[in-house]
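With the hints as extra help, turn the sequences into a complete structure.
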Amino acid sequence: MSKRFKPSVVFKDNQVTDEAVYHDRRRLLKSMGFVGASALLSGNAYGQGWFWEREEKPLAQQRPLEFTNNSSFSTNDTLTPESKATTYNNFYEFGMGKDDPVEEAKHFQTDPWQLRIDGLVNKPLTLGYDDLFNQFQLEERAYRLRCVEAWSMVIPWIGFELGQLIRQADPLSSAKYVAFETLYDPDQMPGQKNRFIGGGIDYPYVEGLRLDEAMHPLTLLSVGMYGKTLPPQNGAPIRLVVPWKYGFKSIKSIVRIRLTDKQPPTTWNILAPNEYGFYANVNPSVAHPRWSQASERRITTGGVLNRNRIPTQPFNGYTEVASLYSNMDLTRFY
Amino acid sequence: MKLLNKPWRLSKIQRVTIKSLVHLFSLGYLSIIFYLGIIDNLGPDPVQALLDKTGNWAIYLLVATLLLSPIAKVLPSPEPLQFRRLLGVYSFVFALAHFLVYCAFEIQLDMSLIGSEIIERPYITVGMTALVLLLALAATSFNKAKRMLGRRWQKLHNAVYLILPLTVLHYTWAQKSDLLSPAIYWMIVIAVFYIKRDALIKIIMGKKIVPSGRKKRQAISP
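Keeping their order, the protein sequence lines are chains L and W. First residue of the first sequence? That's 1 in this note's numbering, and the numbers climb one at a time after it. First residue of the second sequence? That's 1 in this note's numbering, and the numbers climb one at a time after it.
Source of the hints: derived by calculation from the structure; they are not laboratory data. Only a predicted model underlies this, so the values are computations on that prediction, with no experimental measurement involved. Quick reminder that beta carbons are idealized off the backbone N, C-alpha and C, glycines included. Incorrect hints may appear among the rest.
From the derived model, a few chain W residues whose C-beta atoms are all more than 12 Å from chain L [said to hold, decoys possible]: (1) Trp-8; (2) Leu-24; (3) Ile-71; (4) Lys-73.
Some chain L residues judged to face chain W by a derived CB distance under 7 Å, without partners named [claimed, not checked]: (5) Tyr-88; (6) Phe-196; (7) Gly-199; (8) Gly-200; (9) Val-304; (10) Arg-307; (11) Arg-309.
When the alpha-carbon atoms are kept at most 30 Å apart in a straight line, the in silico DSS-like pairs for lysine-lysine are as follows [unchecked claim]: (12) W:Lys-202 to W:Lys-144; (13) L:Lys-57 to L:Lys-193; (14) L:Lys-57 to L:Lys-84; (15) W:Lys-19 to W:Lys-73; (16) L:Lys-106 to W:Lys-176; (17) W:Lys-196 to W:Lys-12; (18) W:Lys-19 to W:Lys-6; (19) W:Lys-53 to L:Lys-84; (20) W:Lys-202 to W:Lys-2; (21) W:Lys-146 to W:Lys-19; (22) W:Lys-53 to L:Lys-106; (23) W:Lys-144 to W:Lys-12; (24) W:Lys-202 to W:Lys-146; (25) L:Lys-193 to L:Lys-106; (26) W:Lys-196 to W:Lys-6; (27) L:Lys-84 to W:Lys-176; (28) W:Lys-176 to L:Lys-193; (29) W:Lys-176 to L:Lys-262; (30) W:Lys-196 to W:Lys-144; (31) W:Lys-53 to L:Lys-193; (32) W:Lys-144 to W:Lys-73.
Here it is in structure tokens:
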């Protein structure tokens with residue numbers, strides 16, 4: 001026979017902690033001097049440290065964006081599910097595993113943000129966080145994204161053409177190249193703090209385009225995907241998208257765009273020049289030294305039995321850019 | 001160094017239980033990851049996840065196989081040696097699964113591509129070499145094969161000391177710029193080689209084993 005539960009301690013209402021106080025307990029403890037003890041213990045290990053500190057760092061938030069559809073630039077290929085595109089990322093600032101960035105970047109703060117456009121321009125300018133979303137009409141474009149590792153996705157980006165921004169800065173006639181730079185903030189980016197987490201890359205991550213490539217209408221500065229602002233692991237608050245080049249060209253979390261007269265250094269080219277070139281155009285006939293680039297696995301839905309290996313197209317199918325490279329030996333300038 | 005005064009023995013039932021658990025966990029784990037892969041519940045790219053998991057476990061089991069004889073010496077107990085074949089064969093099973101995942105799910109049975117990748121990509125050539133050697137060891141792991149090969153059996157099975165570094169080289173070469181995980185694997189290889197230095201010296205010099213700390217005439221061959 002079961003016995004009726006009888007509490008050994010009976011509380012009156014006035015003895016029970018108020019719910020509001022309960023939910024606010026961590027802050028209250030701190031304000032009562034507990035913060036002194038915890039600060040003494042944790043030192044500057046804030047980032048990986050004590051669970052109550054970690055919990056208090058606000059989570060990065062995504063919000064919906066307003067945009068138009070520009071279907072003439074969009075592919076009809078099946079989209080990669082958002083849940084896959086936001087959890088399978090190469091963003092070594094947040095670790096080398098594909099599943100590291102979604103976890104390590106969840107507290108990444110992007111507001112306030114400053115994006116500077118300078119170098120060989122008449123009107124250098126700086127965009128603040130809100131400017132990224134207000135200065136230009138945002139449009140949605142579904143692009144194929146081909147990673148140099150021979151997998152690909154189809155992602156609905158939201159953004160504006162890089163050319164619009166560059167025209168606003170009014171480049172000098174001597175400008176021939178555009179150099180990009182990712183944020184350098186080791187406190188927020190563990191990979192920049194520790195070379196074992198960041199893969200031995202010399203940070204900040206840098207990328208570059210020829211000016212005519214940068215001005216091409218396909219070249220996008222993206223501030224969102226799947227209808228919302230970018231999540232941190234995909235390069236919030238603003239990233240480059242160059243759909244006819246391998247994914248590593250599409251630099252994330254950009255703080256600086258500099259016009260120059262010399263070909264700028266680019267991160268993966270510095271790290272392994274025989275494997276990654278400056279141009280990095282998607283090209284099925286030029287193999288990576290360690291694997292073929294002739295075909296790719298398209299990541300959409302379906303498990304391992306899904307026949308998702310498809311032939312890779314020259315310029316990732318964006319053949320309208322081929323004229324940019326006429327008279328160039330693309331096996332030499334890979 | 002000896003941890004126990006008396007050699008530690010297992011009863012037959014304990015031995016059978018441990019072996020059954022190894023079978024259960026290995027086959028269970030393989031079935032679970034393949035099932036999750038098929039229903040697309042193994043992360044964003046289930047093919048890569050299967051490649052990583054099968055490859056890693058092949059290495060872990062290989063290392064475990066190699067560590068059983070030093071553990072037997074330290075305890076001392078002959079019992080760990082009872083499980084060498086079992087773990088070694090499962091290392092092969094995981095390596096084979098790794099290769100089959102690559103062929104069937106990564107390359108998706110484009111036979112000409114599989115052939116050219118094995119020949120043209122050094123890191124795949126190295127991995128393939130290790131797999132073929134493992135196959136040779138697994139195929140001669142039966143008692144009958146052991147009897148038939150006689151003294152040559154041990155010579156053949158010394159190839160395990162080549163397979164381990166080949167496997168880790170294959171892993172290292174496949175990385176884009178990761179330094180830490182290959183460094184850890186190489187430290188494990190060095191540790192295993194250090195622990196087994198007597199056996200290695202014997203293999204390299206082609207001499208009978210002289211365990212450190214014993215005089216030559218007291219040496220007993222296993």
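Going through the hints against the structure:
1. Trp-8: holds, 39 Å
2. Leu-24: Given that every Cβ of chain L is farther than 12 Å from that of W:Leu-24, nearest at about 23 Å, it holds.
3. Ile-71: Nearest chain L Cβ is 30 Å from W:Ile-71, so the label holds.
4. Lys-73: holds, 34 Å
5. Tyr-88: holds, 4 Å
6. Phe-196: holds, 4 Å
7. Gly-199: Status holds, d = 4 Å.
8. Gly-200: Because about 5 Å separates L:Gly-200 from the closest Cβ in chain W, which is inside the 7 Å limit, the hint holds.
9. Val-304: With Cβ-Cβ at 4 Å, under 7 Å, it holds.
10. Arg-307: holds, 6 Å
11. Arg-309: For L:Arg-309, the interface hint holds, since the closest Cβ of chain W sits about 4 Å away, which is under 7 Å.
12. W:Lys-202 to W:Lys-144: Measuring from Cα to Cα gives roughly 26 Å; hence the hint holds.
13. L:Lys-57 to L:Lys-193: Since the Cα atoms of L:Lys-57 and L:Lys-193 sit roughly 19 Å apart, the hinted pair holds (cutoff 30 Å).
14. L:Lys-57 to L:Lys-84: Roughly 25 Å separates the two Cα atoms, so the pair holds.
15. W:Lys-19 to W:Lys-73: holds, 20 Å
16. L:Lys-106 to W:Lys-176: holds, 24 Å
17. W:Lys-196 to W:Lys-12: holds, 28 Å
18. W:Lys-19 to W:Lys-6: holds, 23 Å
19. W:Lys-53 to L:Lys-84: Holds: W:Lys-53 and L:Lys-84 sit about 19 Å apart, inside 30 Å.
20. W:Lys-202 to W:Lys-2: holds, 23 Å
21. W:Lys-146 to W:Lys-19: holds, 21 Å
22. W:Lys-53 to L:Lys-106: Distance ~26 Å between W:Lys-53 and L:Lys-106 Cα, so the pair holds.
23. W:Lys-144 to W:Lys-12: With Cα atoms ~22 Å apart, W:Lys-144 and W:Lys-12 stay inside 30 Å; holds.
24. W:Lys-202 to W:Lys-146: Satisfied, since the Cα-Cα distance of roughly 20 Å is no more than 30 Å.
25. L:Lys-193 to L:Lys-106: Holds: L:Lys-193 and L:Lys-106 sit about 17 Å apart, inside 30 Å.
26. W:Lys-196 to W:Lys-6: With Cα atoms ~23 Å apart, W:Lys-196 and W:Lys-6 stay inside 30 Å; holds.
27. L:Lys-84 to W:Lys-176: Roughly 21 Å between the alpha carbons, so the hint for L:Lys-84 and W:Lys-176 holds.
28. W:Lys-176 to L:Lys-193: Holds: W:Lys-176 and L:Lys-193 sit about 19 Å apart, inside 30 Å.
29. W:Lys-176 to L:Lys-262: The hint holds at about 28 Å.
30. W:Lys-196 to W:Lys-144: Holds. W:Lys-196 to W:Lys-144 sits at ~27 Å (cutoff 30 Å).
31. W:Lys-53 to L:Lys-193: holds, 28 Å
32. W:Lys-144 to W:Lys-73: holds, 26 Å
The structure agrees with every numbered hint stated previously.
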